[in-house]
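J.: Here the sequence shown stands for residues -25 to -1, 1 to 324, where the numbers follow mature numbering (1 follows the signal peptide of the UniProt record, and there is no 0).
Calculated directly from the structure, the hints in this document are not laboratory data.
Don't be surprised by glycine CBs; every beta carbon is placed ideally from N, CA and C.
Restraint-style ranges between C-beta atoms, simulated for each label pair: (1) ARG50 - PRO235: 35 to 41 Å; (2) LEU145 - THR7: 47 to 53 Å; (3) GLU103 - THR54: 47 to 53 Å; (4) THR7 - GLU232: 40 to 46 Å.
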Amino acid sequence: MISHLCAATPVLYILWIAMAQIAAGQEDREKTTALKDLLSRIDLDELMKKDEPPFTFPKTLEEFEYAFNEYGQLRHLKTGEPFVFNAREDLHRWNQKRYEALGEIITQYVYELLEKKCNMTKQILPEERTDDEPTSFIYLSPDALSNPSKLLVLIQGSGVVRAGQWARRLIINQDLDSGTQIPFITRAMEGYGVMVLNPNENYLEVEKSAMSSPLPSPTEPSDEPAEKRDRKDDKEGKKKREFYEKYRNPQKETETERIPIRSKLSHHTPLGHVYGDENSSSEEHVLYVWDHFVSQAKAKNVFIMAHSYGGLSFVELYTNVRGDPQGRTSPSVQDFRSGSGLYSSMTGM
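Build the full structure now, drawing on both the sequences and the hints.
T.: Right, here's the structure in full:
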């Protein structure tokens, strides 16, 4: 009996080791599963909010402590240094929001330059509009519609840039001459009428009302009593709140919605083109301005200068325009998307 027991001991020992290994493996798998579940719950955007300052930024260049010097370069008022994006280390989202706030100030600054330095007039769009609907605008030189010889139309690319800008990044990091249309406008005014389009200003952004928030999606019916289900939901909700509070200092950003700017109250244009109900794209903006302003200008020659997506918007215009009341048949196009001039002529307009 004892001999049999002694012979069985190694087998039992091996079995115990195997069971221990299985148990350890099971524990490791459970830990791995728990870790994966934890990682799946971490929202990186939320994680970036930890210890994040409020999104409250200056409203003017002076409050930002920046100004443009005599060379058109943006410099700090105290240090004289260029703009610094990383004002706070390890807070990329906050730095980006700060950069965007400065960009909005730059946009207004360029509008002022167009009006004061270039003596241009803001023309509100659409022409036929109600008092309470959202609007856009373009800028016209004093002789944009009356110059009998030449008209220059400027179209920027897509994105955050607005009328008078080629690239916000160049304005902030380099100078006004590099990032704005001002040098082109001032030189063109020696003999051209000038129109500055604003194809990215095609919606009004307003604060989203609570009434417009989407309703929660219906859940599958449950056999659980309502009281038990409510307690379960409360418990799970509390766990989620406690989990996220470990990783973030919540920023309650205002939710917004975009209201497109209509191109016209009616569908048909003076040249017979048909619009949708909304002016919600660069292409529609360019076509609208052509129909209502460029086509009515007295200039015998029209020159288009377009950057990046502005060139594609002009191509869309070319495919739609089939007649010009002034009889202009071969205007010129310049597209400098890559920094070099590309010239072509257009016929059949």
